[in-house]
Amino acid sequence: MSNISFVREKAIPQSPPPITESNSIRWIRQNLFSGWLNSLLTILSVYFIYICLRDFIPWAYGGIWTAGSIRECLDINPDVACFSVIGARWRQLLFGFYPSEEYWRPILTFILLFVSIAPILIPRFIKYFWFSLIYPGLAVWLLWGGSIWPVFSIYLALVFGALGFFIAKNQLRFSSGFSLLIGFVSVVVYFFFIAGPFITLFKYILPINLMFIESLQFGGFLLSMIVGFSGIAASFPIGILLALGRQSDLPLVKMICVGFIEFIRGVPLITLLFVASVLLNYFLPPGTSFDIIIRVIIMVTIFSAAYMAEVIRGGLAALPVGQHEASAALGLSYWQAQRLIIMPQALKISIPGIVNTFIGLFKDTTLVSIISLLDPVGLASLIRADQKWNGIYWELYVAIGLLFFVCCFGMSQYSQYLERKLKTDNS
Amino acid sequence: MSSVKAPVEKFRLGMLLGDTRYRSTTVQVIAFIIFVAVVFWLVDNTVKNLALLGKDVDFSYLWMRAGYDINQRLIPYTNDSTHGRAALVGILNTLLVAFIGCIVATILGVFVGILRLSKNWIVAKLMSVYIEGFRNIPILLWIVMIFALLTEFTPAPKAFKGADPEASMIFFQSTAITNRGAYFPSPIWGEGSMYLLIIFAVSLAAIFFFRRYAKKLQEETGKNLPKFWISLAIFFVPTTLFYFLLGSPITLEYPYLKGFNFKDGLYVRNSFIALTLALSLYTSAFIGEIVRSGILAISKGQTEAASSLGLRPGRIMNLIILPQALRVIVPPMISNYLNLTKNSSLAIAVGYMDVRGTLGGITLNQTGRELESMLLLMGFYLCVSLIVSAIINYFNRSFQIKGM
Chain C
1 MSNISFVREK
11 AIPQSPPPIT
21 ESNSIRWIRQ
31 NLFSGWLNSL
41 LTILSVYFIY
51 ICLRDFIPWA
61 YGGIWTAGSI
71 RECLDINPDV
81 ACFSVIGARW
91 RQLLFGFYPS
101 EEYWRPILTF
111 ILLFVSIAPI
121 LIPRFIKYFW
131 FSLIYPGLAV
141 WLLWGGSIWP
151 VFSIYLALVF
161 GALGFFIAKN
171 QLRFSSGFSL
181 LIGFVSVVVY
191 FFFIAGPFIT
201 LFKYILPINL
211 MFIESLQFGG
221 FLLSMIVGFS
231 GIAASFPIGI
241 LLALGRQSDL
251 PLVKMICVGF
261 IEFIRGVPLI
271 TLLFVASVLL
281 NYFLPPGTSF
291 DIIIRVIIMV
301 TIFSAAYMAE
311 VIRGGLAALP
321 VGQHEASAAL
331 GLSYWQAQRL
341 IIMPQALKIS
351 IPGIVNTFIG
361 LFKDTTLVSI
371 ISLLDPVGLA
381 SLIRADQKWN
391 GIYWELYVAI
401 GLLFFVCCFG
411 MSQYSQYLER
421 KLKTDNS
Chain S
428 MSSVKAPVEK
438 FRLGMLLGDT
448 RYRSTTVQVI
458 AFIIFVAVVF
468 WLVDNTVKNL
478 ALLGKDVDFS
488 YLWMRAGYDI
498 NQRLIPYTND
508 STHGRAALVG
518 ILNTLLVAFI
528 GCIVATILGV
538 FVGILRLSKN
548 WIVAKLMSVY
558 IEGFRNIPIL
568 LWIVMIFALL
578 TEFTPAPKAF
588 KGADPEASMI
598 FFQSTAITNR
608 GAYFPSPIWG
618 EGSMYLLIIF
628 AVSLAAIFFF
638 RRYAKKLQEE
648 TGKNLPKFWI
658 SLAIFFVPTT
668 LFYFLLGSPI
678 TLEYPYLKGF
688 NFKDGLYVRN
698 SFIALTLALS
708 LYTSAFIGEI
718 VRSGILAISK
728 GQTEAASSLG
738 LRPGRIMNLI
748 ILPQALRVIV
758 PPMISNYLNL
768 TKNSSLAIAV
778 GYMDVRGTLG
788 GITLNQTGRE
798 LESMLLLMGF
808 YLCVSLIVSA
818 IINYFNRSFQ
828 IKGM
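Protein sequences appear in the order of chains C and S. Under the working numbering, the letters of the first sequence match residues 1 to 427, in that order. Under the working numbering, the letters of the second sequence match residues 428 to 831, in that order.
The shape of chain C in the complex, shown without the other chains (with noise of 0.2 Å):
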């Protein structure tokens, strides 16, 4: 009998993987055909974006970027997109009426945006957080120009305001609410003894000027821009405040915000804007009239606010009470609580929608072509009562469109990033 016995001495080389389950067919199999339904949807998927591109990209590929008109366009080939009238009128679309000598002012202010929101967004340049104090003022004055005293006398407004304030508390050791109110006297002050002498003598001396820009020649995405960041950065604080007030203990300042935030909640931004364009010259002393830029800024200012208070407090709500009660343990006054235990924690869990927030502030700027400021919206209608581009839609409101879509979406993506960045839990 011979042996039948059989013992492997060498290991069998691998075989590849039968056709059906290599890397890309397997995938294919698993995500777009593992059922009948499935597969339905698949097909009915890639037929629809077949529909959607099949007219598209001939259209936007061919486009014609150098006639002069919509006329010539057409008279080109009327099937393709006439994105002439980007060329023709891009200045406008990004600055309105801004005279285009000064074009450096409004690019150079978009440049230091970043600058300045650096020390913010990166830890790693907090030491030059003194220049994101300063970059307000430096905007407004390159936006508007002018003389450059009338702001840096705000400025040094806020300095007086500290000096007296740190003098009083360090020097003359008063209570800190007392030397509050010295800081505050020595504001006004300032303003009214010193602040008026120190522009004339300081224009006088070194003039240092900028042509002075009407704030109806601004438009286009510039106006965006100027509303919607002055807009998100002072919204951010008020909204911080409102949130506190509304979580706070004392029932009258609880009473105030409440009735705030739910009325301005409870309101279209478009009629806020109607009152900033109408009504407001009732409320304020009769005479005084201000810059219709500024009075767009507040109203949107305060809408966002209450939204964000809304968003903020349900970062605190979230928050476990053991971290207040612990604070209180340690000996931490409110304010101390607030700023080291609580608002860390409260802004990090609310992060998703403070973001939101911003970009619902950033898409409502489009709102202010209602009351005929001319953002991109406006400028769009603008171009179209023009001869030489009448019957023009699709061109500019695409190119629009994906101005906004590149802002907003950036911005959700980074606050993506940076709820990863932050997570400190395992979950």
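Just so you know, nobody snuck in bad clues.
List time: in silico DSS-like cross-link candidates among lysine-lysine, alpha-carbon distance up to 27 Å:
| id | chain 1 | residue 1 | chain 2 | residue 2 |
| --- | --- | --- | --- | --- |
| 1 | C | Lys421 | S | Lys727 |
| 2 | S | Lys552 | C | Lys421 |
| 3 | S | Lys437 | C | Lys169 |
| 4 | C | Lys254 | C | Lys348 |
| 5 | C | Lys348 | S | Lys727 |
| 6 | C | Lys423 | S | Lys727 |
Calculated directly from the structure, the hints in this document are not laboratory data.
Assemble chain S onto chain C, guided by the hints.
Structure of chain S alone, referenced to chain C:
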């Protein structure tokens, strides 16, 4: 032994700020004074300004003749009607857009949210593009874009004319989409249609009672009736039966071309379609995200526990996942409905006459009563939103997990 007396504390002015016992009162008094001062300042300014302009606060203009036409109205209105009635027409138009918009947005949003969770890669990606696209582009731009699409790229009514027309009606020759608006078939309520409606209402009630009975039967005896099929039968059979018994009381009236325009049928303006469509598409992107996060919020253990109890997938969804997900989904969904209602004030961009267009638009401009009109307008929106928040709060209370 000498007794030690507790030191008598003397009240000092500094304690108002320094002592926590008094500080809260001090802060509140200061806040109150500032608040009253600001309100007084605003009211005082308003009174002075009104006096300067020679105006007064007077709402009687609401009972005066309006003198302008409104192209879409749900209640009778002519230009001889009052400003108050014009405002009412506007309010109803706003509510109409909001109502239809909310329904469409919910249906679309639920679809999109569920499909974005699909295992099918291409469908999930497509839905991501849909959601990001609508969320990141301003609503105003969507409204004007869809309006432009409807007015500039649809055929004029005269294109439907002739033996070999350039355009044709869709859905079995029943609906025409033109650059003036869409024409749908409209129902004609003939004699006896009232009875039909009553029968339909009765069968709806019957379905409700039947389901309650079936549930009771199942809880008491464990017997399971085929609920779905019986409900379906109650829904269709009696109404259809009586429809023919009564001799087809409800007929459809089709729009037809006469001269250069369509006649008869239900005419829906492009401004209305564009506004409603844009609002519902935009809001559906947000609702989709809410639905998705609501489903994701239910931990996987719930599904696993339910299946280890022996429940079938359909029942797991109905009995375990949905009731829990709804608790997460409904409150933000309602606040999105509210946003849709408020965003409907952008109707002005396409010339739809909502309450902002009538009361806050033409009436305001004609009468010069800015203060009164804006107050009424804000009051209306505020009322809607306060009523809806009351509903949300009621919902939150009644659906909270008990004992938490």
